[in-house]
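Colleague: Got chain A; can you put chain B on it based on the hints?
Number of protein chains: 2
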Amino acid sequence: MQAPAHPPLSDVPALAERAADLLRTPGALLNLTPPEATVLVAQMRLVHFGPGVTLFREGDDVRLDHLLLVLEGEVSIEVGIGGSMIPVAISVVGPGSVIGEMALLDGSPRSASCTTISAVQAAALSRQGLEKLIDQQPRVAAKLLIGLGSRTGERLRALGEQLQMYAGVVEQQQQQIDRLKAGRAAG
Amino acid sequence: MQAPAHPPLSDVPALAERAADLLRTPGALLNLTPPEATVLVAQMRLVHFGPGVTLFREGDDVRLDHLLLVLEGEVSIEVGIGGSMIPVAISVVGPGSVIGEMALLDGSPRSASCTTISAVQAAALSRQGLEKLIDQQPRVAAKLLIGLGSRTGERLRALGEQLQMYAGVVEQQQQQIDRLKAGRAAG
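Residue numbers (this note's numbering), protein chains in the order written: chain A, 1 to 187; chain B, 1001 to 1187.
Here chain A stands alone, though its shape is the one from the complex (with noise of 0.2 Å):
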């Protein structure tokens, strides 16, 4: 992650309660309490980046162990499609979203590539973040990770549905050849 400074979130008391704010919008899906909101944000810190940041790039092996979630700016969220891997812009994300869940939980090769469109301020909570949360707060982490599982399920079933329509169109492009062939038999 090219974070130069990364302070803790409680050093910016006006961002750590946006911070404790935009973790409690619906769209977080996390269902925390005000106090266990400002519990999860005692383990963030601040980060900034750039417009044009690679934050996470799809296939990419280096174990960084971040959950961002955004507080400023916006993030496009990409993925390689085809043979050709030409990234495609699935989605802009801003303000209260969180991305690199998977990051966190794993530290696998990411699924997507993330790149900030506009400078970008950032809550991170990393992977030591998330077991001082376990350690100390049990309950928090366990609500912020059975919240993290709803999101990939989330994608996953989003992910399914597409699957089922390349699938849907695989089978339309061969009906298509089988009877351009037959024509050109025929003719």
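Quick caveat, the hints were computed from the structure, so don't treat them as lab data. Where hints are given, some of them may not hold.
Below, simulated BS3-like cross-link-like pairs (lysine-lysine); rule was C-alpha separation at most 30 Å, straight line [said to hold, decoys possible]:
id, chain 1, residue 1, chain 2, residue 2
1, B, 1181, A, 181
2, B, 1143, B, 1132
3, B, 1132, A, 143
Modeller: Quick look at chain B alone, frame taken from chain A:
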């Protein structure tokens, strides 16, 4: 869940011990110590299913909320593929396999169907069991949740790879269609 009776797994010590052992195999990805596995098993119940029973059905919005650890027997995991939604078996899993983790985490419609191939004995953890675990042994709960998150991440990456494979096939088929059409126009 079609479970006529589901006694606590601890009522059958031999199976409880087997469950604790299976939870610790590398395939379960949970990274539990023996005492942690025992603590988790204490929240599980024993369920039996006959052959040919659907455990979770794709798209089912009945909010089943159980995670199952297969103790005996085999389960077929299927997804509906293509416009025709023909079920395709994607894998057959046996003792030591964990299924239904998304059911446990968010009780949302299934992304795959699971059907027993033979008679199956399984250890079930309900949402209620998970809540108890979070309450009584939050560190074990957090470890379980991180493990389930890693598993889901692996599935996300596998699905992402399948999606790219399909996208590549769509591209190739389109090129073939274009060539066939050009050939027909020329002929």
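Colleague: Evaluate each hint against the coordinates.
Modeller: Verification of the supplied hints:
{"no.": "1", "hint": "B:1181 to A:181", "result": "holds (10 Å)"}
{"no.": "2", "hint": "B:1143 to B:1132", "result": "holds (15 Å)"}
{"no.": "3", "hint": "B:1132 to A:143", "result": "holds (13 Å)"}
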